[in-house]
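*Asks:* Chains as they are written, first to last, in the working numbering: chain A, 1 to 335; chain B, 1 to 290.
Please note: incorrect hints may appear among the correct ones.
[Said to hold, decoys possible] What follows is a set of in silico ranges between Cβ atoms, one per label pair, in the way DEER data are often shown: (1) Gly51/B / Glu257/A: 25 to 35 Å; (2) Glu304/A / Ala173/B: 40 to 50 Å; (3) Ser246/A / Gln179/B: 51 to 61 Å.
[As the list claims (entries may be wrong)] Derived pair list, reagent style EDC-like, types lysine to aspartate or glutamate, alpha-carbon separation capped at 20 Å: (4) Lys228/B / Asp131/B; (5) Lys273/A / Glu229/A; (6) Lys228/B / Asp262/A; (7) Lys273/A / Asp165/B; (8) Lys228/B / Glu229/A; (9) Lys228/B / Asp278/B; (10) Lys273/A / Asp278/B; (11) Lys201/A / Glu205/B; (12) Lys201/A / Asp278/B; (13) Lys80/A / Glu162/B; (14) Lys80/A / Asp68/A; (15) Lys273/A / Glu206/A; (16) Lys201/A / Glu87/A.
No lab work stands behind these hints, which were simulated from the structure alone. Predicted model, so just to flag it, every value in this text is computed and none were measured. Glycine included, each C-beta is placed from N, C-alpha and C at the ideal position.
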Amino acid sequence: MRDRLLELLVCPVDHGRLRRDDGALVDDHGHRYPIRDGIPWLADPGEQAGTAETFGSKWSLVSEEERDRLAAFQFEWYDKRFGWGSEAGLARHLSGVERVLDAGTGTGYDADRYARLCPGDVVAFDLSESVVAAAERWGERSNLHFAQGDILAPPFAAESFDFVVADQVIHHTPDCARAFRTLASLVRPGGQISVYVYKRKALIRELADEHVRAITTRMSVQECMEFSEQVTELGRELSRLGGRVSLERGVPLLGIEPGEHDVQRLVYWSFLKCFWNEDWDHRLNVLTNFDWYHPPYASRHTEEEMRGWCAECGLDVVHVDVVESGISIRAAKPS
Amino acid sequence: MNTARSFHDKWHRNPDLAFRQTLTEGADIHDWILARNGWDGPAGLAEQLSGCRRILDAGCGNGRVTALLARHAPEGAEVVGVDLTSADVARENLAGLDGVTIGEADLLGDLGLLGEFDFVYCQEVLHHTGDPAGAFANLAGRLSPGGELAVYVYRRKAPVREFTDDHLRRAIADLPYEQAMEVCRRVAEVGRALSALDARITVPEIAELGIAGGEYDVQRFVYHHFMKCFWSDELDAEGNALLNYDWYHPQDCTRHTLDEVLGWCAEAGLQPVHRHVDPYGITVRGRRAA
């Protein structure tokens, strides 16, 4: 753990300064946080233990090769949906930035990219064990720091980051709106926040998700992996058909639009998440379904709701991108 | 009384619906009736009815099955069809058929005036009464000693399919006929488009979704597990829309399990002599002790 990170950290409980003490961080009020493998451990997952377990397991099951492939796809998608156009656009923004927080960093790919494009310090932050793997992989970069903790009780002072990102993360907290507000409070005036959350789906798909997740979120990792295998197989079979159906009128009551639909996509968006992407290997497809069905919290939201969060936090919306799976929003805190 | 209006509209606006298909050997609907009741072709039905002097088709709609029963009933038998909302339609359709009487009756009301029957047939009706167990007991009470009651009720489906059923049914309950039909035309269009793919998929068992592993036609797969979207090339577009309307419009539309129906039999003192469960419904024949 580098001193530069220590300067950024505060006690997540009462926001006092922290200092090193015999392999731990302590404050003046008796709070003590261990440092394990060079990573400060600032939160007990508590009610979010399931979330930590899901994502800790998920990432441990993906090979480095798979992760690299996934990251290439994710970077391109990220730049597009957050309105950067390309990596060059993101790089221009980051060139003048001192501090970046990647909240819910997972395997740390995004954090590493920020650190590469940015002269300042980047904190890769996560509730789960994945932060250990991230540190092992990316720990060499001198401006990249790792910390374990909870987005809902962050170990950072208010208004201490120029750029805060929580990409595909805060819908997995027990209270997505509160997570947004909490992260927004960490943004300096003149800084920006980027967030992606799941979008609310067609009604039946939502009911199906509620029904299935009520069962699958209580499963062990292995049981849910087996379930995810089955759903993946269904997605693969429906995709394999390559069948297209053409609907003159659609069924608005079910959120089925007129036009041409791939059968798998029609089932997927209207009735049941059964992910399959032919370009990914089998395991990554299974994990994508697992990622949906196992996390204890996976809230879905609307654009209006997210604009409301921004307004409430006094943020100006800079860019919004809405696709069927989710909503990406980038907002700025006025100087 | 949405359910009564539903069926009144359905049969008065479409007096011929499924009539020919019910009476034509080899047509899906005809063969489905015989197969699920365990009757080996028309001769099997004739054998079932042999020795019957009085036969009741309870909830006869436009009288199509009444006509089928009359065709295979023994010489001199009396076939009675009753319906709550569409007796006049059946009466018109069956005018001139010897030995057939049509009347109006509520299956939850006093059926004593109808007398006793050696065979009572009740297809796709009990689940629309709001009190299927009560209507079942009421019909069982009309059996002569040794008589049989043959019922078909909708089966409880896979969970997602049940969600869609409840949602669409609630959404169109109060719509006028034409608007409700418009929704059902859209639903039928999904069925048509999926049927046109004429494609098969092999899926694993997924217990949480009520999916049994195996090979399915893709339209049937969606139909059973996600959304009723009926389509048969034997019917025209409007007829297909109507079959969907028939499913989605009546508010009284309960779905059942085999155990439930066997419970009704036990309650009424009937011995189950035939049972058949398909993805759509449950067929049970129960016999009163001689």
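*Asks:* Does each hint hold? Answer for all of them.
*Replies:* Taking the hints in turn, this is what the structure says about them:
Roughly 58 Å separates the CB atoms of Gly51/B and Glu257/A, a value that falls outside the hinted 25 to 35 Å. Between Glu304/A and Ala173/B the beta carbons are some 29 Å apart, a value that contradicts the proposed interval 40 to 50 Å. Roughly 24 Å separates the CB atoms of Ser246/A and Gln179/B, a value that falls outside the hinted 51 to 61 Å. Distance hint between Lys228/B and Asp131/B is unfulfilled; the C-alpha atoms sit about 23 Å from each other, more than 20 Å.
In summary, the hint linking Lys273/A to Glu229/A is supported, as the alpha carbons are separated by about 12 Å, within the 20 Å threshold. Simply put, Lys228/B and Asp262/A have alpha-carbon atoms about 19 Å apart, close enough for the 20 Å limit, and the pair holds. Restraint check for Lys273/A and Asp165/B: satisfied, since their Cα atoms lie roughly 19 Å apart, inside the 20 Å limit. With a CA separation close to 26 Å, the supplied pair Lys228/B and Glu229/A exceeds the 20 Å bound.
A C-alpha spacing of about 15 Å is found between Lys228/B and Asp278/B, which places the hinted pair at or below 20 Å, so the restraint holds. This hinted pair does not check out: Lys273/A and Asp278/B have alpha carbons roughly 26 Å apart, beyond 20 Å. About 25 Å separates the Cα atoms of Lys201/A and Glu205/B, which puts this hinted pair outside 20 Å; it is violated. Distance hint between Lys201/A and Asp278/B is unfulfilled; the C-alpha atoms sit about 32 Å from each other, more than 20 Å.
For the proposed pair Lys80/A and Glu162/B, the alpha carbon gap of about 39 Å is over 20 Å, so the pair is violated. At most 20 Å may separate the alpha-carbon atoms for a hinted pair to count; Lys80/A and Asp68/A meet this at roughly 19 Å. With a C-alpha separation of about 10 Å, the suggested pair Lys273/A and Glu206/A falls inside the 20 Å cut-off, and the hint holds. Of the supplied pair hints, the one linking Lys201/A and Glu87/A is violated, its CA atoms being roughly 30 Å apart against a limit of 20 Å.
Hints 1, 2, 3, 4, 8, 10, 11, 12, 13, 16 from the earlier list are contradicted by this structure; the remaining hints agree with it.
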